[in-house]
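Take these sequences, add in the hints, and give me the full structure.
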Amino acid sequence: AQSVTQLDSHVSVSEGTPVLLRCNYSSSYSPSLFWYVQHPNKGLQLLLKYTSAATLVKGINGFEAEFKKSETSFHLTKPSAHMSDAAEYFCVVSVSAGKSTFGDGTTLTVKP
Amino acid sequence: EPEVTQTPSHQVTQMGQEVILRCVPISNHLYFYWYRQILGQKVEFLVSFYNNEISEKSEIFDDQFSVERPDGSNFTLKIRSTKLEDSAMYFCASKGWARNEQFFGPGTRLTVL
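From first to last, the protein sequence lines stand for chains A and B.
Note that the numbering used here has the first sequence beginning at 76, numbered continuously upward.
Note that the numbering used here has the second sequence beginning at 2, numbered continuously upward.
Just so you know, the hints here were simulated from the structure itself, not pulled from any lab data.
We put the beta carbon where it would ideally sit given N, CA and C, even for glycine.
Check before you lean on any hint, since a few could be wrong.
To be clear about the criterion: a stretch of chain B counts as covered by chain A if any three or more of its residues have a C-beta under 8 angstroms from a C-beta of chain A, and this derived list gives those stretches [as the list claims (entries may be wrong)]: (1) 46-56; (2) 67-75.
List time: in silico BS3-like cross-link candidates among lysine-lysine, alpha-carbon distance up to 27 angstroms [said to hold, decoys possible]: (3) B:Lys-84 <-> A:Lys-144; (4) A:Lys-143 <-> A:Lys-124; (5) B:Lys-58 <-> A:Lys-124; (6) B:Lys-43 <-> A:Lys-117; (7) A:Lys-143 <-> B:Lys-79; (8) B:Lys-79 <-> B:Lys-58; (9) A:Lys-133 <-> A:Lys-144; (10) A:Lys-133 <-> A:Lys-143; (11) A:Lys-117 <-> B:Lys-58; (12) B:Lys-43 <-> B:Lys-84; (13) B:Lys-79 <-> B:Lys-43; (14) A:Lys-186 <-> A:Lys-133; (15) A:Lys-186 <-> B:Lys-43; (16) A:Lys-117 <-> A:Lys-186; (17) A:Lys-117 <-> A:Lys-133; (18) A:Lys-117 <-> B:Lys-79; (19) A:Lys-144 <-> A:Lys-124; (20) B:Lys-58 <-> B:Lys-43; (21) B:Lys-84 <-> A:Lys-124; (22) B:Lys-58 <-> B:Lys-84; (23) A:Lys-117 <-> B:Lys-84; (24) B:Lys-43 <-> A:Lys-133.
Structure below.
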């Protein structure tokens, strides 16, 4: 069994300040973890992924995430938010060829 | 880079009608999936398909739903008699043998009136 908990349903930051979106997971097996971004009425864009290589993962648009097995966490960070980062973010867990399980999503608002 | 494609991008149908959503997975992929996202909600797993049969399905995937891989390239989701609550974005995904990553298509927005 696997599950994902995104700890914040909404996060609001000012432009130029750091972003932290929190994700905890549960999995019976070694998981792969992903962060996707979804802009309004758009599809899913992969930001970054962890698939058992380096625990600090760098993605597109300056995002990165760190896989911490001891804390079962995979938090998403960015040093400096941009207005274009405003969107819905999903943390996703999967194991091998099984289904992907999505978190409930975090809405990121960026204030000017 | 190869992509998963889905057609149509938007489908409008009347309640009770049958719809078929089409997906073309990445050509050498072996595992295929359908997910749906009701407006404003999270993405939910519907079904996975491997070796020409369903490998897993969720409780959402009832008798009104079916999947098929009619030829070597297409992967379809059929809803026999659509309900208002079937209105959602439907995402297809595929996965190859080596990389543990599902590649998602752009989605089909289904609107049931």
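Okay, the hints, checked on the actual structure:
1. 46-56: holds (count 4)
2. 67-75: violated (count 0)
3. B:Lys-84 <-> A:Lys-144: violated, 42 angstroms
4. A:Lys-143 <-> A:Lys-124: Given pair Lys-143 (chain A), Lys-124 (chain A) holds - Cα atoms ~13 angstroms apart, limit 27 angstroms.
5. B:Lys-58 <-> A:Lys-124: Measuring from Cα to Cα gives roughly 25 angstroms; hence the hint holds.
6. B:Lys-43 <-> A:Lys-117: Holds, because 13 angstroms separates the two Cα atoms, which is no more than 27 angstroms.
7. A:Lys-143 <-> B:Lys-79: With Cα atoms ~40 angstroms apart, Lys-143 (chain A) and Lys-79 (chain B) exceed 27 angstroms; violated.
8. B:Lys-79 <-> B:Lys-58: Satisfied, since the Cα-Cα distance of roughly 14 angstroms is no more than 27 angstroms.
9. A:Lys-133 <-> A:Lys-144: Roughly 17 angstroms separates the two Cα atoms, so the pair holds.
10. A:Lys-133 <-> A:Lys-143: Holds, at about 15 angstroms.
11. A:Lys-117 <-> B:Lys-58: Roughly 25 angstroms separates the two Cα atoms, so the pair holds.
12. B:Lys-43 <-> B:Lys-84: holds, 20 angstroms
13. B:Lys-79 <-> B:Lys-43: holds, 21 angstroms
14. A:Lys-186 <-> A:Lys-133: holds, 24 angstroms
15. A:Lys-186 <-> B:Lys-43: holds, 24 angstroms
16. A:Lys-117 <-> A:Lys-186: Given pair Lys-117 (chain A), Lys-186 (chain A) holds - Cα atoms ~21 angstroms apart, limit 27 angstroms.
17. A:Lys-117 <-> A:Lys-133: Roughly 23 angstroms separates the two Cα atoms, so the pair holds.
18. A:Lys-117 <-> B:Lys-79: holds, 23 angstroms
19. A:Lys-144 <-> A:Lys-124: holds, 15 angstroms
20. B:Lys-58 <-> B:Lys-43: holds, 17 angstroms
21. B:Lys-84 <-> A:Lys-124: violated, 36 angstroms
22. B:Lys-58 <-> B:Lys-84: Holds. Lys-58 (chain B) to Lys-84 (chain B) sits at ~19 angstroms (cutoff 27 angstroms).
23. A:Lys-117 <-> B:Lys-84: holds, 23 angstroms
24. B:Lys-43 <-> A:Lys-133: Roughly 24 angstroms separates the two Cα atoms, so the pair holds.
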